[in-house]
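K.L.:
Each chain is listed here by its residues.
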Amino acid sequence: MKKKLWLVSVAALTAIALGIGGTLALFSDSATGQSEFIAGTLCIDAQRNDGEAVPGPMFYVTPEQGETPFGAPGVFPTGLWAPGDEHQRTLTVSNPMSCSSMNAWLDSVEASLHAGSDADLADKLYVEVTTPQLGVEEKVAEGWLSDFLSGPVLMRYPDGSRIPLYLTANRHVKFNVTFDLTADNSYQGKELVVDFTVHAIQMDNNP
Amino acid sequence: MFAKRISLSLLAIAMVSLVVSASSFALFSAQSGNADNTFTAGTVTLGAPTTDFMAINNIAPGDSGARSYSIEYTGSLDAWIGLDVATTGDLMTCDGGGKFITSLTDGTNTYSGNANDQVAGVYTPGQTLNLTLNWALDLSAGNDCQGDGAAVSLMVKAVQHRNNINGTGTGPISWN
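Heads up: the sequence lines are chains A and B, in that order.
All the letters of the first sequence, read from the start, carry residue numbers 1 to 207 under the working numbering.
All the letters of the second sequence, read from the start, carry residue numbers 1 to 176 under the working numbering.
Calculated from the structure, these hints are not laboratory results.
Where is the CB? At the ideal position from N, CA and C, for every residue including glycine.
Wrong hints could be hidden among the right ones.
Over 12 Å on every C-beta distance to chain A, these chain B residues come out as not near it, computed from the model [stated by the list, open to error]:
no. : residue
1   : ASP36
2   : ASP78
3   : GLY107
Quick partial rundown of chain B residues pointing at chain A, CB under 10 Å, derived from the structure [to be verified]:
no. : residue
4   : ASN37
5   : THR45
6   : ASN58
7   : ALA60
8   : LEU77
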């Protein structure tokens with residue numbers, strides 16, 4: 001008898017529970033939140049900027065060497081270099097929104113040598129790289145061209161701080177090259193061709 | 001056994017540290033550059049011959065003569081051309097000296113027959129230096145000069161003009 005009573009109680013509770021369940025199933029809704037994660041991009045562009053057509057090299061001996069792919073000749077040839085000569089050219093580095101989405105630091109600069117060049121001439125060409133800091137042109141990297149050929153040379157302000165290149169902004173970077181006066185006759189007629197490369201790195205989470 | 005376990009543990013920690021370090025440097029980066037920058041050193045060269053030598057013998061008081069010399073500047077940079085001239089021999093000192101006289105001229109300027117580092121001017125590529133060496137034994141030369149001889153040696157040299165100009169602009173700071 002007790003067993004029957006217990007079974008009836010269980011059945012009743014089950015029915016109530018189902019009833020409640022059915023009631024809760026009436027007015028319900030759900031929403032799915034979709035989270036999207038897309039990595040940003042960093043790209044920079046660099047063009048000579050001394051008032052002549054681009055693209056083209058900063059340093060060239062003859063107007064023909066400095067011409068653009070469209071045939072516009074270079075306007076500021078250095079001419080043949082003599083010991084003691086010094087020439088400065090400008091590279092404008094930009095962080096365009098067309099392909100970039102983040103602020104950056106200009107981190108380093110290096111050079112690579114073209115085949116057939118007289119590499120030892122790089123031991124007598126001194127490179128100074130400058131860029132403005134609070135409106136004042138500051139040296140951020142320097143060394144013999146051979147140092148730049150050996151690998152990236154860090155770009156830092158004299159106080160050790162890094163060089164910002166904000167998204168959509170651009171920055172003038174000047175390259176000042178001096179042919180050392182100690183270059184003797186063994187350097188006469190030598191020629192080298194180099195590519196300069198500027199490296200940038202993300203600014204966020206990278207103080 | 002215990003030491004080996006410690007070593008293995010340290011090794012594992014080191015490897016993990018390396019992995020962590022490596023991942024720390026995996027920042028986004030980009031690069032751009034400027035290609036085909038050309039640097040060509042110019043040249044400072046002279047054509048041949050850069051030296052000349054003249055021996056003078058069997059001359060008598062009152063004799064004189066001339067000898068021409070030409071040299072092309074074949075370098076690609078503008079250059080100072082210089083002359084080192086030396087006249088030697090007993091004719092230079094006989095009878096009290098000053099009886100045998102030499103001089104050089106390029107038609108405009110006259111140079112000493114016995115001096116170094118004489119500036120002939122700034123020459124551009126392809127320009128030629130034409131010199132005439134004049135010599136004379138003065139009529140007043142006495143018997144002391146009999147049998148004496150003289151020799152004139154000329155050396156032409158060149159050095160870059162740019163970045164090598166003295167304070168007065170009349171010559172190079174250095175010839176080498």
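K.L.:
All hints, please: hold or fail.
P.N.:
Hint by hint, here is what the structure shows:
For B:ASP36, the non-interface assignment is contradicted: its Cβ lies about 4 Å from the closest Cβ of chain A, within the 12 Å cut-off. Against the 12 Å criterion, B:ASP78 falls within the reach of chain A, whose nearest CB is about 9 Å from its own CB. Distance check on B:GLY107: its Cβ is at least 28 Å (rounded) from any Cβ of chain A, clearing the 12 Å threshold; non-interface status holds. For B:ASN37, the suggested interface contact is upheld, since its CB lies about 4 Å from the closest CB of chain A, less than 10 Å.
Evaluation of the B:THR45 hint against chain A yields a held restraint, the C-beta minimum of about 7 Å falling below 10 Å. Interface hint at B:ASN58: violated, since its Cβ lies 41 Å from the closest Cβ of chain A, which is beyond the 10 Å cut-off. At its closest, the beta carbon of B:ALA60 sits 45 Å from a beta carbon of chain A; the interface hint therefore is violated under the 10 Å criterion. Using the Cβ-Cβ criterion of 10 Å, the hint placing B:LEU77 at the interface with chain A is satisfied: the shortest such distance is roughly 5 Å.
In the structure shown, a violation is registered for the earlier hints numbered 1, 2, 6, 7, in ascending order.
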